[in-house]
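Undergrad: Chain residues, written in single-letter form:
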Amino acid sequence: MPENRDPVVHLDRQFWIVTAVLGVLALISILWWVWAPITSIMPEAVDKAQQIDALFRFLAASGTALFIFVCGYIVYFSLAFRRHAGTPENAVGIQIHDNNKLEMWWTIIPTVFVVIMAIFSLRIWAGIEFSPSNTLVVEAIGHQWYYTFRYPNVNGEVKEMHLPLGQAITLHVTSSDVIHSFWIPAMRLKADMVPGLINTFEFTPTRPGRYEIICTEFCGTLHGEMHSGTTQNPAYVYIDPPAQYASWYARTEREQIQASNAISAPLSPNQLNLSRGDAGAGAKLFAAKCSACHAVGPFDQKIVGPGLKGVLDDPAHPQLVDGDKATPENVAKILQNGFKGSMGEMPTQAGNGLNNKDIVNLVAYLKTLK
Amino acid sequence: MTAVATHAGGGLADHVHPEPQGFIRKYVFSIDHKIIGIQYMITAFLFMILGGMLAELIRIQLMKASGGLMTPETYNEVYSVHGSTMVWLVIIPLLTGGFGNLIFPVQIGARDVAFPWLNMLSFWLFPPAGLMLYASFLMGAPTAGWTEYPPMSLLGGAGTSMWAAAIFLIGVSSTMTGINFLVTILKMRAPGMTFTRMPLFVWGQFVTAPLLMIATTALGAALAALFVQRQFGVAFFDPTRGGSPLLWQHMFWFYSHPAVYIMILPAFGMISEILPTFSRKPIFGYKMIAFSSCAIAILGFMVWAHHMFTSGMAPALQLPFMVLTMLIAIPTGVKIFSWVTTLWGGVIHMTTSMLFAIGFLATFTLGGITGVFLAAVPFDLHAHGTYFIVAHLHYVLVGGSLMGILAGLFYWYPKMSGRLMNEKLGKWSFWLFFIGFNGTFLPMHWLGMWGQPRRVAMYDPQFQAWNQVCTYFSFVMTAALILILINALWSMRNGKRSGPNPWNARTLEWQIPSPMPYYNFKHVPSVFAAPYDFAEPLPYRGLEEELTGAPPPVPAAH
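As given, the protein sequences belong to chains A and B, one line each in that order.
For the first sequence, the residue numbers in the working numbering are 1 to 370.
For the second sequence, the residue numbers in the working numbering are 1 to 558.
In case anyone wonders, no lab produced these hints; they're calculated from the structure.
Predicted model, so just to flag it, every value in this text is computed and none were measured.
Glycine included, each C-beta is placed from N, C-alpha and C at the ideal position.
Be aware that a few hints might be false.
[To be verified] If the Cβ cut is set under 10 Å, some of the chain A residues that face chain B in the computed set are:
id, residue
1, Leu66
2, Asn90
3, Ala91
4, Val194
Extracted from the complex, chain B is given alone in its bound form (with noise of 0.2 Å):
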C-alpha cells in the first residue's frame, strides 16, 4: 500500500481488489486471512478428532497395568504422535493461523493481513506436514515422545526422519505466519489504533509473532541435526562420536519452552476479550495484562533449561533457571488476579463462552500453581519424568489452551457462520468436558508422586484403580468434544442467526456484519479509545454504513 491519502472518515484511501469468483481460488487456494483462518480450523480440529482417537487409545491401554491392547512398540508410537499432533497439529496451528487469522487483522481495522499469499502459503505447509505425520505409521512412528530425545529417536522407526521433516515444515509454516502477523500488527492498525488501544487478542498475537519468529528456527536447526543424523550418520548427538544427547533437549527446549506460550498467549488474549464482553465491564488493568504478557514472552526465553534440572547440568546453570522461572509467576499471577478482579461488579452473562472462559480460570490457576513446584529444583527432583508431569502439562494446555480455543469458537462462531451455536447443548457441553478433564488428569497428581513414570505401556498394578478412574472420566471428556463438535456441524445450518453483534462486544469485527465480508471494511474506521468502556458510545468513526445498504468499494484499476 504505496499511496496513502485519508478521505472524508478519516480513514485510508480505499485501495481494494475485486473479490475472487470461482470455488478454488475463492475456499481452496484463498489469500483472504478470513477463509485461511477457517481452513486451520477445519484442518486442526480434523487433527484434533485424530489426535484424541490416540488418547483414548492410551487411556484404554492403560486400563490394565499389564497393558494389553496394544504391544508396548505400537502403544509408544501412540503417544509419540498424540503429544506431536496435539502440540503441532492442534494447539499451535488454532491459535495463530486459526483464530489468530480469522480475528486480529479485524481487531486493528486491518483489511488483510501484510501479506496474504505468504499467509496461504503458510497454511498450505500445514496439511502436508499433518499428513506426514500420519504416514510414519506406515513406516515404524517415531516411538520417543513429542520430545524425540536422543538416543532413543535415533533407534527408532523409520517413521522418525519423516516426523523430524513434517515437524520441519509446520516450523517453517509457523515462522511465516509469525512475521505475517508481527508486520501486519506493526504496520496496517487503523488510523488511531495505538498500541494501548488495541484489544488485548491483539496483544496477545503481537507478543506471540516474535516466539513463532525465533524460537521455531532453534527448533529447525535441532530438527535437520537429528534427520542428517539418522539419515546420514553424522554424530551430532552420539557420545561414543564426539557427539551430545544433551545438545539436542537444549536446542528442543530453547524451541519447546517458548512454545508453551505460543500455546497459552493467544489464549490469554481471548479471556481478555470474552471475560470484559461477557461481564459488560472495562478489562481490570488493561496494561499489566498487556504488559505482562511482554514480561512472559521475554522471561519465557531464558527458562529452557528447568526442563532438564534432571539431565544433568553444571549446578550453578541450575540455580538462574530455576530463580527466572519462578519469576514468571509474578506476571502469570497479575494477569490471573486482573481477569478474576474483572468479574466483580459486572452484569454477567452466563453464555457457554463465557463458562468456558470462567473454567479456563479454574484449570489454569491449578496448571500454573503446580508449574511454580516444578521449577522448584528439589520438588523437581521427585516429580520429573512422572505422571505428575502429565498431569501439569494437560492442566496447561488442555484445561489452558483447549478451554481457551473452546471458549473463542463458541464467542468467535457466529463471525464465520453468521449464526450462533447451540446455547443449551453448548452448557451441557462445557459441565461434561468440565467434570471430564479434571477426572482425568487431577487423579495423575498424586499418581505421579507415588511413583508412575510417564510413558510406560505397563505399569506397576498398585496404581490400576487410578488409572481406571482416569479412563473412565476421559470418555465423559471425550463426549462433550464430541457434542461440540455436532453442535459445531449442526449450527451451520440450523443455528440461530445471530446478527452482526450477538453479544454486544465492542471491538471491531463486531461492528461489521456476520459472516464478515470480503476486504472487511467498506471505509477503514479511525479508532478514538480502547474498545472496553461499555457505558460509552463506540471510540470509532467511518463505520456508518458497514451495516447499512451502501455500496461495497469500488475496486482499483488496474
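For reference, chain A alone in the conformation it holds in the complex (with noise of 0.2 Å):
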C-alpha cells in the first residue's frame, strides 16, 4: 500500500467568507426557533407542553443550524470545485485522505451535542413519567370510533372530559376493543390505548379552553373520524375554571347516576311501542348515527355493517346478522344491544348515545326502507 502522502491543506479566504455568511444564516434560524410564535397556531394547555416546545425549540435551532451547514458546503463545493469546461479530462482533485484532528472534532462536538439533548430529554421525561402524588385520577377509555371517561366517584363512563385548571392530573389509558391512540395536541402529550394495558402520564392544565383529541393509531376503518372534527363523536378535553369543573362534576354525577338506574331496568323490546315511532325523526338519526356504518342500499353493500335496505323486507336475509328473525322487536334488540362481528362492532345504545324513543323512531325509519 503506497504511503499516503496527504498534502497540506490551506483553506482560503472564499472558504471562510462561506463559513462566517452560513455562521450567519445558522444564528438566523436559532434565533427564529428561540421566538418562534408556537403557541399562536397550537396553544399549550398543560404545564408539560411548554417544557416539551421548549425541547423542541432545542432540537428545532440545532438540527436547522446543522442542516444549514451541510447543505451550504454542499452547495458551496458543489459550484467552487466544479470541474470547469477547460479542465483535462484526467485532472485529479486534491489528494487527500483524512485528517485525524478534524475527525477528531466533529466526532465530539455531536457527542457534546448528544449528551446535552439526552439530559435535557431525561429532565423533561422524569416530569412526565414521575410526579407528584395527590393527583385527580381519570381514566380515558378508546372505543370504535370514540372516547369515553370514567371520573373518580362517578357512575359508568362519561362522554366528556373536563379538567380542572391548576389540578396535577394523572390520565389513566385504556382501550375496550382495538389499539387507539390518546393524542391531545395542546398538551403535546400522547399515549397508546391498548386493551389490557393501562398507559399512565401526568400532567397539571394551565390554560382554560376547549382543546381536540385526536386518535393516531390505526384502528380500523373510521380511524379518521376519531378526532373533533367530526359529526359523529366530536372529542374534545374542556379545562375549566375550578368553580365551573366543580359544577359539572356535581351535574355529571348525579347525571349519571340517574342513567345508570335507567340502564339497570331497560325496557324489553316488547315493551317499546315499536309500531307508533316517527320515521322522519328515525331518518334524521339515521343520517347522524347510524350512516357512517351503514348505507341505505342493499344487505351486500358494506361500509362496515351492511346495507339496511329491505332489512325488514328481504326475501334474501330473512335472519337478521345475529341470527334472529327479522322483526321490528329483534331490529330494535340489536340496537340496544349492539353486535360484535367480523368487521367491527356495533356500539351498544348507551355506546350510541340512543334514548328509547330514537330506538323507536329509528325502527319506524327502518320499516320505510323497502
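Please assemble the complex out of the two chains, which come individually in their own frames, going by the hints.
TA: Below is the structure:
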C-alpha cells in the first residue's frame, strides 16, 4: 500500500467568507426558533407542553443550524470545485485521505450535543413519567370510534372530558377493543390505548379552553373520524376553572346515577311501542348516527355493517346478522345491545347515545326502507 | 474451491465452468450473480411501478378532506400494500439482491458469490412472494399498515394471512442472501483485497449481511405467530386470553429497526463510491466511514423500542432506548461530514449520478435530523403516529435509499448494458424528482405537528390546502420517475456506448468490459491498495488481458 502523503491543506479566504455567511444564517435560524410563535398556532394547555416546546425549540434550532451548514457547504463545494470546461479530462482533486484532528472534532462536537440533548430530554421525561402524588385520577377509554371517560365517584363512563385548571392530573388510558391512541396536540402528550394495558401520564392544566383529542393509532375503518372535526362523536377535552369544573362534576355525578338507574332497568323490545315511531325523526337520526357504518342500500353494500335497505323485508336475508328473524322487535334488540361481528363492533344503545324513543323512531324509519 | 494454487499473475488458479447456453439456463434460472442481480432489479422496479401507483391513489384520496376516491376500507388496503411493497419488494431487494449481487462480487475480485445455487433460490422466492402479496387484494388485503399491529391485523381481511406468508417468504429469501453475501466477502476476496482495501460499497454489503441474517429471523417468528393466531386461534396477541398485543410490536421492531439500516447502509456504500469517483478525490476518512457503518449496525439492534415510546413500556426502559438511539447520530454525522468533505478540493463532474448522490446528502441529512428529534421521548410523545413520522420515514427511505438507488442506477447502468443512460434527460429527471420529492414530503412535517394523524382516509378540513400541495408535487415526482424509466428502457438500445470505464472509476468492476463477461475476470487479479488514490496508477495486477482479445479461461474438465 503506497504511503498516503496527504498534501498540506490551506483553506482560502473564500471558504471562511462562506463559513461566516453560513454562521450568520445558522444564528438567524436559531434566533427564529427561540422566538418562533409556536403558541399562536398551537396553544400550550398544560405545564408539560411548555417544557416539550422548549425541547422542540432546542432540537429545531440545532437541527436547522446543522442543516444549514451541511447544505451550505454542499452547494458551495459543488459550485466552487465544479470541473470547468477547460479542465483536462484526467485532472484530479486534492489527494487528501483524512485529517485526524478534524475527524476528532466532528466526533466530539456531536457527542457533546447528544449528551446535552439526552439530559434535556431526560429532565422533561422524568417530569412526565414520575410526578407528584395528590393528583386527580381520570381514565380515558378508547372505543371504535369514540372516547369515553371515567371519574372517581362517578357511575359509568361519560362522553365528555373535563379537567380542572391548576390541578395535577394522572391520566390512565386503555381500550375496550383494538389499539387506539389518545393525543391532545395542545398538551403535546400522547399515549396508546392498548387493550389489557393501562398507560399513564401526568400533567397540570394551565390554560382554560376546549382542545381536540385525536386518535393516532390505526383502529379500523373510521380511524380518520376519531377526532374533534367529526359529526359523529367530536372528541374534546375541556379545561375549566375550578368552580366551573366543580359544578360540571356535581351535575355529571347526578346524571350518571340517573342514567345508571335507567340502564339497570331497560325496556325489553316488547315494551317499546314499536308501531308508533316517527319515521322522519328516525331518518335524521340515521343520517347522524348510523350512516357512517350502514348504507341505505342492499345487504351486500357494506361500509362496516351491512346495507339496511329492506332489512325487515328482504327475502334473501330473512335473518338478521345475529341469526334472529327479521322482526321490528329483533332489530330493536340489536339497537339496544349492539353487535360484534368480524368487521367491527356496533356500539350499544348507551354507546350510541340513543334513548328509547330514538330506537322506536329508528325502527319506524327502517320499516320505510323497502 | 478446494484446489487453491497461485499462477503467474499472483491470483487463484482458474477453476471455471462453461458458460451456460440456452435462454432458460442463461437468463431465467441463471446462477450468474450478475444476471440474478439484474433479475432482482427488473422485478423490484416492476413492483415499484405498482407501489408507486398505490402511492398516487393515496395522494389522490387525500386531495379532499372527506376522502372520496375510495371507501375507507379500500384506502386502508392501498396504503398497507403500498408500504409493504416499497419496503420488502422494492428497496430491500434493490439494495441487496439487486445492486449487491450485481456489483460487490466483482469489486472484491470474485467470479461469483459463494453459493450461486442458493442465490438463484433467493431470487426465485421473491417474485412469488410479491405475487402473493398482490393476490391478497382478491381476498381482502391487509388493512393495518405495513406494521400490521394486532388486534387490527387479527380483524383484517383474509388477505392478511396471505400477507404474512408472502413477507415470511421474502424474509427467507433475505436471510439466504445475507448468508451468501457474508460468506462471499469473508472467503472469496482476491489476493491482497484486505478489509481496509475493500471498496466502501462492499463494506456496506458486509455490514448489511448479518443484519439480514439475524434480524429477519425475528420477523419470521412474528409472522408465524400472527399466521397461527389468525388461522388456528392460538392467542399470542390476544390480551383476553393471556396474550399481548405489544409482543408483536417488540418482535416486529426487533426486525424492522435493523431493517431500516438494511435499507440505508448499502445506499451509504453507493454514495461512498460515487462521490470520490466524480470528485476525482480519495474518499475522506475511509476507515471512519467503514467503521461507523459497523457501529450503526450494532447499535441498530439495541434501539427497536424507540418505535414504541407511546405504546406502553416501563418508563425506565424508555431511557436506554432513547440514549442509544441518540448515539446513532454520532456515526451517522461522521459519515455525512466525511462525504461533504470529500467534495472539498475535488474536480467535480456533475453527472446525473453525482446529482443524485449530492441530493441524497441534503435530503438524507434532513431525514436524519428529524430522526434525532423523534429519539427524544418527550418530543416523540407529540409527533408519534402523525404525518411528521410519514415525512421523516419518506425522507430517509425516498430521500435516502431511493436517491441512492437512482444514483447507483445511473452510475452502474453501463455495467449491465454496455451503454450510458441519457445525461440530459437524466438531469431533467433529477431536478423534477428533487423538487417533487421535497414538495411532497416537506409539508408533512408541519401537517403532523399541527395534528394530522397518519393512516387516515379522511381528515380535518383545515389541513386540506397543504394536502393538496403534497399531492400536486407528488405528480411532479411521479413524472420524474417515469422519465427515468423511459430513459433506462430507451438507453438499453440507443444509449451511447460506454466502453469499460466511462467514469474513470477505480474499483475493479470498471477494469473489465461492459457489460461484464461471464465469470467476470479472465485471471483473478491481485490488489495492492485501496481503490481511491486517483493520482496513483491502478493498484491491481493481473488485469492486463481483461480488455484485450486474449482467450477466456478454459473450462475445467469434469
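Undergrad: Each hint should be assessed against the structure and marked as holding or not.
TA: These are the hints, each one checked on the structure:
no.	hint	result
1	Leu66	6 Å, holds
2	Asn90	8 Å, holds
3	Ala91	5 Å, holds
4	Val194	5 Å, holds
Violation of the numbered hints given earlier is absent; every hint is satisfied by the structure.
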